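> Read off the chains here:
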Amino acid sequence: MTTPPAQSNVARAFKDAGFWALVAFGLFLPLIGFRAVQDIRNELALETRWPLLFGFVAIVAAGRLFHNLVIAPWRERRGRRLAARAAADVQHWSSRVTGVLAPCAIGFVLVYPAIAVWLAGAGGAVKWLDNFGIQILIYVMLGFGLNIVVGLAGLLDLGYVAFYAVGAYSYALLAQDFGLSFFTLLPLAGIGAAFWGLMLGFPVLRLRGDYLAIVTLAFGEIIRLVLINWVPLTNGYAGITGIPRPTFFGIPFNASDEGFAAVFGLPLSPIYRLIFLYYIVLGLVLLTSFVTVRLRRLPVGRAWEALREDEIACRSLGINTTNTKLTAFAIGAGFGGFAGAFFAARQGFISPESFTFMESATVLAIVVLGGMGSQVGVAVAAVAMIGGTEALRELDVLKQVFGNDFDPTQYRMLLFGFAMVLIMVVRPRGLISTREASVHLAERKAISGELVREGHG
Amino acid sequence: MSTLLRVEHLTMRFGGLVAVNDLSFTANRGDITALIGPNGAGKTTVFNCITGFYKPTEGRIALAHGSPRTWDDLEALTRRDARSVTRPDGALFLLERMPDYLVAQRAKVARTFQNIRLFSGMSVLENLLVAQHNPLMAASGYTVLGIFGIGNHGRAESAAITKARHWLNLIGLIDRADDPAGDLPYGAQRRLEIARAMCTDPVLLCLDEPAAGLNPRESAELNELILRIRTDHHVSVLLIEHDMSVVMKISDHVVVLDYGVKIADDIPAAVRDDPRVIAAYLGVEDEEVGKVEAEVGL
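Quick mapping for you: the protein sequence lines, in order, are chains L and R. Count the first sequence with the numbering used here and you get residues 1189 to 1645, in order. Count the second sequence with the numbering used here and you get residues 460 to 757, in order.
For reference, chain L alone in the conformation it holds in the complex (with noise of 0.2 Å):
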């Protein structure tokens, strides 16, 4: 027998699931408790999936019970020998995992072609190499470009992706009119991204917090509504096909006798272009991540990194905090267009479709997500995020459980979002919420981002 107080403890444990239950049923009623179908005559028809929706609400109403008697109580315990270490230990612990991450990442990206290749072979690393390695690579320098103005000069900035797009279609239009190549057009497209990044600059200058918020999405509006109505310069809905791919040192991979197979005489693979185009953007990311990291040390970094802590304290200091927000809107462009001209080169076709407010919001969630102004956060909130959504894909496990009519990557989304929340309640301030100075006396300290501001502007 146990006690009264216990009793009333799982009493309480199995009310608060059945309540649990109740908002699940509730919550899944529409999601997956019917669906729309077409029967024999064509005509749109309700079907109910009543086994289905009890197999969601009992799986919450376990998991809440099996919270409510294992993991709260062990939390609790957890919690109350946590408090009596120092904060401080806690702290270390990031900044050390931190600095063991990095490296070991570093290393494991460099010979990740050759693992895929080598795992998977051939044809099965394609997927492996585009979906989840340029992919991911993409959104990681998305991330390190809109790192530098919402994570370290806390601006915070919805329409990223008008200088994606500007990217893109600079790299797309200049290639095609002029013949250009990809390097040589790279640079300028990143230029150009930054020209457009004063552009934004300037007219925002005197917004702050949401008010900024609410431009810069309109600026990622009108940039995308431009690119779908001027039809004589960027085709419209149509968008831009048969973009020049880069090349290896003037030799294209294809399937001609100058192609890059043939001249090595290799066996004839898309893998060769993926590898190729896989070191791109990685040494673009390593790049990115280097500038980032030397613009820290700067006093331009340290002057983004002290507006986004007090604008007025930095005035009072003599800085210009008009040049220092438009050197941080440019530059985090800048790499925005860096990502952009590697996109269109890598799809070989581009449109308006491409540059939607998902993918900025998708690009802020990276950089919030692992922790404004980390560089190894975003990395790994990148992989978390692109990398899960395809392996969502692949869940194929779950038809096991389910039936084989369940389709996971419908679920896709759906579980994303149950992931995000549970991070942000578990980590408020993203997966690496501390911030490394950029300059040391004595020792090297995490500082906690509790004391970290975010930015009202």
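The set of hints was computed from the structure by calculation and includes no laboratory data. Keep in mind the model is a prediction, meaning the values are calculated, not measured. Even glycine gets a Cβ: it sits at the ideal position worked out from N, Cα and C. Any given hint could turn out to be false.
Examples of chain R residues toward chain L, derived with CB under 10 Å [unchecked claim]:
no. : residue
1   : Thr510
2   : Tyr513
3   : Tyr560
4   : Ser579
5   : Leu588
6   : Asn593
7   : Met596
8   : Thr602
9   : Arg655
10  : Cys658
Which chain L residues stay away from chain R? Per the calculated CB distances, all over 10 Å, these [what the hints assert, rightly or not]:
no. : residue
11  : Ala1199
12  : Arg1200
13  : Gly1221
14  : Arg1268
15  : Leu1376
16  : Ile1410
17  : Ile1500
18  : Cys1502
19  : Phe1537
20  : Ala1625
21  : Ala1630
If you anchor each label on the Cβ, the simulated ranges turn out as follows [claimed, not checked]:
no. : chain 1 : residue 1 : chain 2 : residue 2 : range
22  : R       : His625    : L       : Ile1402   : 43 to 53 Å
23  : R       : Phe473    : L       : Leu1474   : 46 to 56 Å
24  : L       : Leu1475   : R       : Arg687    : 44 to 54 Å
25  : R       : Ala597    : L       : Thr1429   : 43 to 53 Å
26  : L       : Ile1294   : R       : Ile609    : 56 to 66 Å
27  : R       : Ser617    : L       : Ile1294   : 51 to 61 Å
28  : L       : Phe1366   : R       : Ala597    : 56 to 66 Å
29  : L       : Phe1296   : R       : His625    : 40 to 50 Å
30  : L       : Cys1292   : R       : His693    : 52 to 62 Å
31  : R       : Ser617    : L       : Cys1292   : 30 to 40 Å
Here the structure of chain L is known, so what remains is to put chain R in place on it, guided by the hints.
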């Protein structure tokens, strides 16, 4: 002794409210000038006008570097519609025409804030380096050279760290250089804000209630720090303060404001006995007060 700062007919209106009304005073080079007055008298507004955070409705605020002869250019400069004039032996600035960051950068007026404005998420040392932004920026070739590691940014940065170390020693925070500024106790944050302002190499340091919230011991240390800034670093100080123990002990010259109007302008001893100042602080004795006092048995 020469004049450093000259405030003439300064008026600041916010809509219908006259925060500062036709205020004129001067601050001498090497002096500690205190600006005192009851709450809402307009002291911080005067500070904000001097440091360029507010554009005064009317009036002129002039600051001279170098030789006293630069003052000869004042009228010509005012007519010329320019911000400043530089001559071989000095320079003259019209602060009301300059944006806030140029007041700090060119005219070399540094300030602290009533509610401390440190970069709390940055380390103590970083706070002091941000204050040396402009020389460091120039040394890094405005980032263009610094990004490639060319130029003498490295040397400039170690010089900046040496200067920061000097100030950290002076304010007793050398052991906490790598801690976040937001983690420091209140009194230390006040001292750090003063050190940060001093790292900009000012000629005039404006302190907005530096002793607010300090205990008597910290307050005494602060007095010493301000005196040292004046004597060792030859920086003039403009001070807003409520703590009379600070004002009377260290200031050379006191300006008293009440409802935006200057009511006294003299050496501390004279100001202390001025009936108008006493009235502004304690209120005028009238019949009602006398009656109440009689009722409670005073």
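> Hint by hint, say whether it matches the structure.
Hint by hint, here is what the structure shows:
no., hint, verdict
1, Thr510, "holds, 7 Å"
2, Tyr513, "violated, 12 Å"
3, Tyr560, "holds, 5 Å"
4, Ser579, "holds, 5 Å"
5, Leu588, "holds, 6 Å"
6, Asn593, "holds, 5 Å"
7, Met596, "holds, 5 Å"
8, Thr602, "holds, 5 Å"
9, Arg655, "holds, 7 Å"
10, Cys658, "holds, 8 Å"
11, Ala1199, "holds, 45 Å"
12, Arg1200, "holds, 40 Å"
13, Gly1221, "holds, 47 Å"
14, Arg1268, "holds, 24 Å"
15, Leu1376, "holds, 18 Å"
16, Ile1410, "holds, 29 Å"
17, Ile1500, "violated, 6 Å"
18, Cys1502, "violated, 7 Å"
19, Phe1537, "holds, 34 Å"
20, Ala1625, "violated, 4 Å"
21, Ala1630, "violated, 6 Å"
22, R:His625 x L:Ile1402: 43 to 53 Å, "holds, 46 Å"
23, R:Phe473 x L:Leu1474: 46 to 56 Å, "holds, 53 Å"
24, L:Leu1475 x R:Arg687: 44 to 54 Å, "holds, 48 Å"
25, R:Ala597 x L:Thr1429: 43 to 53 Å, "holds, 49 Å"
26, L:Ile1294 x R:Ile609: 56 to 66 Å, "violated, 26 Å"
27, R:Ser617 x L:Ile1294: 51 to 61 Å, "violated, 29 Å"
28, L:Phe1366 x R:Ala597: 56 to 66 Å, "violated, 39 Å"
29, L:Phe1296 x R:His625: 40 to 50 Å, "holds, 45 Å"
30, L:Cys1292 x R:His693: 52 to 62 Å, "holds, 54 Å"
31, R:Ser617 x L:Cys1292: 30 to 40 Å, "holds, 32 Å"
Taken one by one, the earlier hints fail for this structure at numbers 2, 17, 18, 20, 21, 26, 27, 28, listed in ascending order.
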